[in-house]
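Here the sequence shown is numbered in my numbering, starting from 383 and rising by one per residue.
Incorrect hints may have been included.
[To be verified] Derived Cβ-Cβ restraints for the label pairs, each shown as a range: (1) A473 x R390: 22 to 28 Å; (2) V560 x R598: 33 to 39 Å; (3) R452 x A473: 29 to 35 Å; (4) E593 x R573: 29 to 35 Å; (5) R451 x G407: 44 to 50 Å; (6) S538 x S445: 20 to 26 Å; (7) S445 x A506: 29 to 35 Å; (8) Y556 x K389: 25 to 31 Å; (9) T498 x V466: 15 to 21 Å; (10) E444 x K389: 26 to 32 Å; (11) E480 x A568: 25 to 31 Å; (12) L396 x R452: 22 to 28 Å; (13) T572 x S438: 24 to 30 Å.
[What the hints assert, rightly or not] Subject to a maximum C-alpha distance of 16 Å in a straight line, what follows is the list of computed EDC-like cross-link-like pairs (lysine to aspartate or glutamate): (14) K389 x E455; (15) K476 x E444; (16) K433 x E444; (17) K389 x D454.
The hints are simulated quantities; they were obtained by calculation from the structure and are not laboratory data.
Backbone N, C-alpha and C fix where the C-beta goes; we use that ideal spot for every residue, glycine too.
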Amino acid sequence: MMDDFTKRSIDEFLDAVAQRAPTPGGGSVAGAVGALACALARMVAAYSIGKNTNPSVRDRTESVLDRLRRADEILRSLVTQDTVAYAAMGAAGKAARENPATKSAEPEPHASACATSYQDAVLAAVAVPMETAAVASHTLAAMDEWKEFANRRLLSDLGAAAVLAEAAARASWYMVAVNLPELVDAATRTRLRGHIAEAVAHCDGHRRSIEAFVRRHLENT
């Protein structure tokens, strides 16, 4: 059974990443970076509510907190899901390569099943970083919509959270791109490339907006 890396210490996780082993790899790291972005943004939001906070601002901030909390939970789960999906893809690929029937001029039904299983495994492995990028985009959208209500003393943390969230999406692009060539169906490859590119573009736009707001404040104080 695959380890749940969110239950390990930071040192244990970093040491696991550094090992000469395929997992945890870039996909898990992308999820962890996204979760860190959410956690940091949640801290900023928590410090943006006080006893004298305007009720409408409080409601808006609490709504953002809920969105960030849900995103945080998903991203943490993706840290381990990536290792599971990648391990399954590796196993399916090995089975397909080692099946003698796949090397015959007329592949047997079992060989075809192995090939299909591998394609399914690749799709599952690609789906994890795709979701990481999508959740990072939702996270940045929430931060961007709410940024003007953030505690001014913690805008540097908000800026850092935005940079990390975008980094999670950009890292996910690489994890998707490296496995797409394994997919036989060209239309599927094109569709997935478009989806991940769109998510990264959305993240870039929100990150720019947040950073511009943060920089204006920091440079004028």
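Hints and how they fare:
At roughly 23 Å, the beta carbons of A473 and R390 sit within the given window of 22 to 28 Å. Checked against the hint of 33 to 39 Å, the C-beta distance between V560 and R598 comes to roughly 38 Å, which is consistent with it. For R452 and A473, the hinted distance range of 29 to 35 Å is satisfied, since their beta carbons lie about 31 Å from each other. Remark: the range hint 29 to 35 Å for E593 to R573 is upheld by a beta-carbon distance near 31 Å.
For the pair R451 and G407, the supplied restraint of 44 to 50 Å is violated, since their beta-carbon distance comes to about 27 Å. The hinted window of 20 to 26 Å between S538 and S445 holds, with their beta carbons roughly 23 Å apart. Checking the proposed 29 to 35 Å range against S445 and A506 shows it holds: the Cβ atoms sit about 33 Å from each other. Distance hint check for Y556 and K389: the Cβ-Cβ separation is about 26 Å, which falls inside the suggested range of 25 to 31 Å.
Restraint check, T498 to V466: a C-beta distance of roughly 20 Å satisfies the suggested window 15 to 21 Å. About 28 Å separates the C-beta atoms of E444 and K389, a value consistent with the hinted range of 26 to 32 Å. For E480 and A568, the hinted distance range of 25 to 31 Å is satisfied, since their beta carbons lie about 27 Å from each other. For the pair L396 and R452, the supplied restraint of 22 to 28 Å holds, since their beta-carbon distance comes to about 26 Å.
The hinted window of 24 to 30 Å between T572 and S438 is violated, with their beta carbons roughly 44 Å apart. With a C-alpha separation of about 13 Å, the suggested pair K389 and E455 falls inside the 16 Å cut-off, and the hint holds. Taking the CA atoms of K476 and E444, the gap is about 48 Å. The hint is violated against a cut of 16 Å. Of the pairs offered as hints, the one joining K433 and E444 holds, with about 14 Å between alpha carbons and a cut-off of 16 Å not exceeded.
As the CA atoms of K389 and D454 are separated by approximately 15 Å, the hinted pair is consistent with the 16 Å bound.
Checked against the numbered hints listed earlier, the structure breaks hints 5, 13 and 15; every other hint is satisfied.
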